[in-house]
Structures are given as structure tokens and as C-alpha cells.
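J.: First to last, the protein sequences are chains D and Y. Each residue of the first sequence is one higher than the one before, counting from 5 in our numbering. Each residue of the second sequence is one higher than the one before, counting from 116 in our numbering.
Just so you know, the hints here were simulated from the structure itself, not pulled from any lab data. Virtual Cβ for every residue (Gly too), placed ideally from N, Cα, C. Among the clues, some could well be false.
Per the computed footprint, the stretches of chain Y lying under chain D, defined by three or more beta-carbons under 8 angstroms from a beta-carbon of chain D, are [unchecked claim]:
hint: 1; stretch: 161-174
hint: 2; stretch: 186-192
Label pairs and their calculated CB-CB ranges [stated by the list, open to error]:
hint: 3; chain 1: D; residue 1: H117; chain 2: Y; residue 2: R124; range: 28 to 36 angstroms
hint: 4; chain 1: D; residue 1: G20; chain 2: Y; residue 2: N166; range: 45 to 53 angstroms
hint: 5; chain 1: Y; residue 1: A153; chain 2: D; residue 2: L50; range: 15 to 23 angstroms
hint: 6; chain 1: Y; residue 1: T232; chain 2: D; residue 2: I113; range: 21 to 29 angstroms
hint: 7; chain 1: D; residue 1: N71; chain 2: Y; residue 2: E220; range: 19 to 27 angstroms
hint: 8; chain 1: Y; residue 1: L170; chain 2: D; residue 2: L50; range: 16 to 24 angstroms
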Amino acid sequence: GENVEQHPSTLSVQEGDSAVIKCTYSDSASNYFPWYKQELGKRPQLIIDIRSNVGEKKDQRIAVTLNKTAKHFSLHITETQPEDSAVYFCAASRGGTSYGKLTFGQGTILTVHP
Amino acid sequence: GAGVSQSPRYKVAKRGQDVALRCDPISGHVSLFWYQQALGQGPEFLTYFQNEAQLDKSGLPSDRFFAERPEGSVSTLKIQRTQQEDSAVYLCASSLALGLAGVHEQYFGPGTRLTVT
Chain D
5 GENVEQHPST
15 LSVQEGDSAV
25 IKCTYSDSAS
35 NYFPWYKQEL
45 GKRPQLIIDI
55 RSNVGEKKDQ
65 RIAVTLNKTA
75 KHFSLHITET
85 QPEDSAVYFC
95 AASRGGTSYG
105 KLTFGQGTIL
115 TVHP
Chain Y
116 GAGVSQSPRY
126 KVAKRGQDVA
136 LRCDPISGHV
146 SLFWYQQALG
156 QGPEFLTYFQ
166 NEAQLDKSGL
176 PSDRFFAERP
186 EGSVSTLKIQ
196 RTQQEDSAVY
206 LCASSLALGL
216 AGVHEQYFGP
226 GTRLTVT
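Isolated chain D, as found in the complex:
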């Protein structure tokens, strides 16, 4: 089955700096890669996603890049703010007999210091 590795496990930045989180996946058939933000005790919230027919996607301060050949994708947050502090999870999935179930990375605890 699919395996997703996520790095780093913790990331500490100053407000205004950029943050980058990287993930690798093992199943070359995976074609959908979402990123979730989870605050303590809250539900995972979808912040951005990318499909395998696209190499990059941007939404305001957040961008995701995908390298299908190397089987890795990254989350980029620019101009970080204290409210960006949370746990971020990457995930991978595909349709067919996997029905779109998500395989998650281990998570990155992002702390943005004012």
C-alpha cells in the first residue's frame, strides 16, 4: 500500500519568515495530494490540494509543488503569522479500488514566533 513520509516533524520560524514542509510518497498511482491544518483539539481542515496533472498551485500565502518523477510534494507558506501555528499533515490518495482513502504523513508541528 501507499506510504507517506513527512519532514520535518517540528518547525519553528519567526513571524514573516517562510516555512516549507516536504513529503514523499511510494505509490506511483497516487494522483491527489491534499494538505490539512489541525489545531489542538480541532478537526483537520483542508487548506490546499494538488492533482497529479498539475505541478504547482498557489492560494494567497500558501503554495504546493508536486514532482511526480521524484514522488515528492511540498507545502510553502510565505509571510508566516502566529495564527499559522498548528500541526500540518500531507496526504496522498488515488481512486479505483482505493476509493480515495487518504494515507497521511506523520505531521509537522509548526510554531510561528511573534
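Got chain D sorted already, so can you dock chain Y onto it with the hints?
T.: Below, chain Y alone, put in the same frame as chain D:
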């Protein structure tokens, strides 16, 4: 509109008790997933429903875990004879059906935190 809701939000069970966790998906969402999230870990897949059909239960950790979605809307995850290792947050997610566009976004509920003492 209303998002995915789950109840109860917190459940404390004594070892050996049975528990039932409820999920109300977003109206019109055909696909429903259950995940288990251990402390400090990412969610792990348990089972998948398309309408009322349970098409994948490969992630259920033992035969003590059972899920149903009899009318294709509300789903219940039942755990029999709970053990301490069952302590976790149980998350439900729903999405539109798989289509020609491929996989659709999944929207999560707030989860049920189960503590087995």
C-alpha cells in the same frame, strides 16, 4: 451549509465495555470514511462507505470494530469489548462520490475522543 458532525465529542469507557460513535456527513455526500488518530500521529484509514455499501474495511484493526451506514447517510462505528489500545480520536470524513474528475476533497468532522480506562 452544515459540515460533518460527530457525537459524542468525548467518551470514557471502562475496559470491556461496548461503545458506539456517530457520524453525520455533509448532505449529498456519497462517500464516507472513518479514520483513527492516535496521539501525535496522522489519521489512519479504518473503513469506507459508498452510500450504504461498505466497500473497504481493510483498516479495521480487529473484529471488535464494526461500522454501518444503513440508509446511506448517518454512520455508526461500534467497538466491542474496548481495550486500552483503542484509546484515540475517531474521525469521520465525507466527500462527493468518485467521478471522472477523480478523487474529491474530504471534509472532516470534529472527531470523538475515546478514552478506555
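J.: Run every hint past the structure and note whether it holds.
T.: Evaluation of the provided hints:
no., hint, verdict
1, 161-174, "holds (count 5)"
2, 186-192, "violated (count 0)"
3, D:H117 with Y:R124: 28 to 36 angstroms, "holds, 31 angstroms"
4, D:G20 with Y:N166: 45 to 53 angstroms, "holds, 48 angstroms"
5, Y:A153 with D:L50: 15 to 23 angstroms, "holds, 21 angstroms"
6, Y:T232 with D:I113: 21 to 29 angstroms, "holds, 28 angstroms"
7, D:N71 with Y:E220: 19 to 27 angstroms, "holds, 22 angstroms"
8, Y:L170 with D:L50: 16 to 24 angstroms, "holds, 23 angstroms"
Checked against the numbered hints given earlier, this structure breaks only hint 2.
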